[in-house]
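In order, the protein sequences belong to chains A and B.
Counting from 1, position 63 in the first sequence corresponds to residue 63 in our numbering; the numbering is continuous, with no gaps.
Counting from 1, position 58 in the second sequence corresponds to residue 238 in our numbering; the numbering is continuous, with no gaps.
Incorrect hints may appear among the rest.
Said to hold, decoys possible - Far from chain A, some chain B residues (derived; all Cβ distances over 10 Å):
1. A206
2. R211
3. E214
4. N225
5. R229
6. A232
7. S265
8. R269
9. I279
10. N286
11. F312
12. P322
13. L333
14. E335
15. S349
16. S352
Claimed, not checked - For the chain A half of the interface with chain B, some residues (derived, Cβ under 8 Å), not all of them:
17. L6
18. W7
19. L19
20. L22
21. L23
22. L26
23. A27
24. F28
25. P34
Said to hold, decoys possible - Think about it this way: if two alpha-carbon atoms lie no more than 20 Å apart in a straight line, the pair counts; the simulated SDA-like pairs of lysine to any residue are:
26. K174(A) to L54(A)
27. K367(B) to E15(A)
28. K308(B) to E17(A)
Note that these hints are calculated values from the structure, not bench results.
Since we're looking at a predicted model, the values are computed, not measured.
Backbone N, C-alpha and C define an ideal beta-carbon position, used for all residues, glycine too.
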Amino acid sequence: MKQDYLWDRTGADAEIECLESLLGGLAFSPAEPPEMPVREIALTPVRRGWFFKLSLGFAAASVATAALLIAAISMREDSQPATAAIQERPAVGAPAAMSPPNNEFGVEHQAASAVPKRKPPPRKRSRREAKSLPAPQPRPLPVITLTAEEFDAYRQLMTALSVTGTNLSIVREKINGSEE
Amino acid sequence: MPESQITGDLFLLSRETVNYAPNQTASPEARLVERIETGDAEAFNELYRRFAPMVHGIALSRVPRAEADDLVQEVFISVHKNLSSLRDRNAVGPWLAKIARNRALNYYRTVRPSDELTDEIAGSPSSKPEAFEILSVIRSMPDSYRETLVLRLVEGLTGPEIAAQTGMSVDSVRVNLHRGMKTLREKLGIEVKK
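Here chain B stands alone, though its shape is the one from the complex (with noise of 0.2 Å):
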């Protein structure tokens, strides 16, 4: 067989490899989202389900709580509008992170300081302000540990859940986990002390 045939059919199954790669690599994610594309409003709901937690937990380190759940509604509505904008279908994780911190700066940039709410008059009555406490505790800390903090803690994700829907590499969230645990516990044990 001459060469350039041997070449030319390596280059047929090449192209064949590169058409069907993607739709078997699909993520379930990928698929809600085509879902949502078409008009699917039962998909956007699932989104939300299985999504809402973490953009809560990202907000909820950043802003009062009165505002998360405001925050949580506004990046879901922008996440309907700007669907085509999203490159990576399998990252639609990730991207709503990012957008969930966009919005939290945001806030900061557009709100007045006498508008602002204290969590604990705008937080429900079931929750004791020793909770509050915590959460201004853990809103001191770095942006990576507050944000895994208070997504395991407060929303209940495991570590590789949060790696998962966040897009940040296990190890990343594995070091920011214990790391933050062990500047929380610095810090609430020299509160107890005081």
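Excised from the complex, chain A in its bound form (with noise of 0.2 Å):
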């Protein structure tokens, strides 16, 4: 029984119990568990070169450069309706029906008033006159007629958008280089 006391308490020994009762006071008393340390993510700043630097923001102006020409062309729309319709009309097949240009840049003046009425839907056709009708042509493209100063405004755009275009390209280049 001496050895079942030791091993797992059962039966009684009065030599290891005045033991127990001894050594017990120099036993764990449990405390306060330590806290849980934070886990701390370092972050460091990733270094990039002046030329970077530089490209982007080149490219940031040019893109803002952009935006404001956007922004000024649909003010000017808003304030002056009168000249600042659309006309559609097909360039390929008839070009006696546009009107000669009225300035310097090309392009024609168009009231208000002519914005085009929207055609009614067609209607359906059976198969056997589709099969008697001509083969269908390509729509013609449409021609947008601008103000001069519309004109003005939309080759500016276009030149914008263009460096714009050049300089990603370059900074993609230099980037892909430099990863290389």
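Given two chains presented individually in distinct reference frames, assemble the corresponding complex, making use of the accompanying hints.
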């Protein structure tokens, strides 16, 4: 029975019980567990070269310029509804119908009342009718008539966009080149 | 049924067995570890309550009492930081015991002899001087005996509990307890006779 008490406390052993009572004062006293340490994630800033910063700034400036131009055009259209109308008409096959340009830029003025009416939807054809008809011709591209100022703004916008695209491609090539 | 198909079915069965086995044999300690990894503070407290006496016993069998309390805290902080390095989640206890032993070894590598406090100075007022004498006798015994005896007589763990928490085999714990107790009796008897 003595051996059992030492192993799993079954039975009794006065000697071991005396030792337990003496040494029990040195036992672990339940204290507050340590605080779970907070896991810190170190964020190291990525260092960019001066060329990258300069290119990025230039590209951002170009994009901002383009955005300003678009905003200016839209504001002008709002303020001049009578002269900012756009007329669609076929460019191919009807050159005689085009009115001659009335200014040095080769663009046309058009009244706001000349906005084309919507055509009614075409009626459905039977299969026999569809077979007898000739093959459909490609639809001609629409011609948009602009005022001189609008045309100027449009040209500036296109120039700005092309400059922006060129800059972005240069930046991309530099980045790809530095990574390689 | 062709032989290749039978072999394929057997292979599928064996794969399923392998996949489902870990979930079925996950111990409560393994689930605790999983919860701690998700940031569950209550699971960490539960792990502390369950294993702190064992870690304290291992520390007390090697370092002075005042240092043992600090060492317990250090071990559990280290556990939280290095939980990802635990390979077998079912063996948290043996892992903790190993960390405690290593920390105790490091204590003697870093401490200067003049810094060390004796147990009697560092002990609590409720502890009797005889207790420190018996503890010093136990500490003079081989590692396997003193660790098992401190866990049994100081921390109050039973033999099966010591085996389960430290990862030692039941037979080893039984042998260490009985031989260690026999040696302790002899040493204490010699001292009494003197």
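Hint check results:
1. A206: holds (22 Å)
2. R211: holds (17 Å)
3. E214: Non-interface label stands for E214(B): nearest chain A Cβ at 15 Å, farther than 10 Å.
4. N225: violated (5 Å)
5. R229: Not fine: 7 Å to the nearest Cβ puts R229(B) too close to chain A.
6. A232: violated (6 Å)
7. S265: holds (15 Å)
8. R269: Check passes; 18 Å lies beyond 10 Å.
9. I279: Answer for I279(B): holds, closest chain A Cβ roughly 14 Å.
10. N286: holds (18 Å)
11. F312: violated (8 Å)
12. P322: Non-interface label on P322(B) holds, nearest chain A Cβ at 18 Å vs cutoff 10 Å.
13. L333: Not fine: 5 Å to the nearest Cβ puts L333(B) too close to chain A.
14. E335: For E335(B), whose nearest Cβ neighbour in chain A is about 5 Å away, the distance does not exceed 10 Å, so it is violated.
15. S349: The claim stands: S349(B) keeps its Cβ more than 10 Å from every Cβ of chain A (closest is about 14 Å).
16. S352: holds (13 Å)
17. L6: Result: holds, 6 Å to nearest chain B Cβ.
18. W7: With Cβ-Cβ at 4 Å, under 8 Å, it holds.
19. L19: Holds - the Cβ of L19(A) comes within 8 Å of chain B, reaching about 5 Å at its closest.
20. L22: holds (5 Å)
21. L23: holds (5 Å)
22. L26: holds (5 Å)
23. A27: Holds: closest Cβ of chain B sits about 5 Å from A27(A), inside 8 Å.
24. F28: With a closest approach of 4 Å, the F28(A) hint holds.
25. P34: It holds, given that the least Cβ distance between P34(A) and chain B is near 5 Å, below 8 Å.
26. K174(A) to L54(A): holds (12 Å)
27. K367(B) to E15(A): Holds: K367(B) and E15(A) sit about 14 Å apart, inside 20 Å.
28. K308(B) to E17(A): holds (16 Å)
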